[in-house]
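For the sequence shown, this note's numbering assigns the number 11 to the initial residue and increments by one for each residue that follows.
Don't read these hints as lab results, they were simulated from the structure. Please note: incorrect hints may appear among the correct ones.
Calculated lysine-lysine pairs in the DSS-like style (CA-CA distance at most 27 Å, straight line) [stated by the list, open to error]: (1) 50 - 140; (2) 239 - 251; (3) 299 - 421; (4) 251 - 299.
Ranges between beta-carbon positions, derived for each pair [stated by the list, open to error]: (5) 56 - 216: 31 to 41 Å; (6) 421 - 389: 44 to 54 Å; (7) 219 - 156: 36 to 46 Å; (8) 340 - 430: 54 to 64 Å; (9) 322 - 237: 21 to 31 Å; (10) 216 - 326: 37 to 47 Å; (11) 200 - 17: 25 to 35 Å; (12) 316 - 261: 48 to 58 Å; (13) 378 - 216: 46 to 56 Å.
Using N, Cα and C, we set each Cβ at its ideal position, and we do this for glycine too.
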Amino acid sequence: MDSSPIYSIIIFIGFILMNIMMYGFGSAVKNLNESEIQRKADDGSIKAAKLLKIIDEPVRFINTIQLTATFMAVITGYVQSDIFIHKLSSTFVSAFGNLLSNTAYTVVSAMIVIFCILIILLSFGVVVPKRLGLKYSEGFSYFFVNIITFIVIILRPITGIINIISNIVLRILGIDPKEEWDNVTEDEIISIVNEGHEQGILEEREAEMISNIMELDDKDAGDIMTHRKNIVAVDGNWTLKETVEFMLNENNSRFPVFIDDIDNIVAILHLRDALECFHKEDKAEWLIKDIKPILREAIFIPETKNIDALFKEMQYEKIHMEIVLDEYGQTAGIVAMEDILEEIVGNILDEYDVEDNNIVKHADHVYLVKGMTPLEQIEDELGVAFEDNDYDTLNGYLIARLDRIPEEGDKPIVVCDKYTYEVLAIENKMISLVKLTVRDSEN
């Protein structure tokens, strides 16, 4: 029996093992905790120091993997396929005789052999080692780092030439070679987060928080503010006694102070400051606007203020509440630090908060929805699709569809596709409660 096929199989298995090492190591290194590796290197670990060097020089390492993989693929195709094609072609001739020409047998054999080699290389030489490297990243990295470092050093002249040539071509095309490694897009980060969640590395809550942080830059103060109609504020013409009684009956600790109307906010008052003044000084009958020491400066921002920048500003200046103005200089709402944090971690309920359910299931396919419920919440919880995104709340959406403001006692009905909105209550010229019925699409 001719021993050459056995040698070819042994060589092929050797190439597969080399691929497992290279691709598995590459996947493992990407999943390492760099700070932990740095700590071990500082403690004197030689392997950790080698890993850090590879992490710091990704271009050279990746070029080594690609060069090695390409080299093995070429050798495999040149050495292995010829032997197996010849053997398979001879088997076809023995089995089927002159049914086809020798050339046809050779072509069919070549297609089968190349297909099988590709499947084996991709499955056992790429996909499997990447999964192994991801699962056993630390063990894989430390076990193979010495061999990989040796291969990188041996192939350094070739990879160096490849790197120089590729950089020249990229510069000719007007691309900065370093840009590929320095810039990571937001979409790539979100994709990594989603993949981590799917693999069980990140909990759903953790993945949601990271995604929310990434989306901070896409939102403005007007998107998260407490609307002017819902602002709980103190009238500057009230006495200190009246103000303290009012504040103690509310759930807030900070209150805007206005003179005459909400568009003339002049300060921010903290409950603690008001209580200290009330108990320590004889000013119970003084007007709030006249007690300057307890009034804090009101900071005003436009509705278009980016909340990522706003968050940094409030942190740096140690501000907990800012007043949002519209384009006409009137009060549009207020933004508190808690509002921004809720964009990241979700709704925060303290011991004084009562959970407010904007959407309550009334019956099968029937829901009671508050008028000030954000359209985004309705879309997320009920899967309702709103064709018009110019409005933030259900109240604004329905008023636009009705083209009028309903009167108290009026109960208009709005039908959009398979959704029926029946207005149940009107308060202060605003729709406060709606019955939403989702009709079966088959009916």
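Hint by hint, which ones does the structure fall short of?
3, 6, 8, 10, 11, 12 and 13
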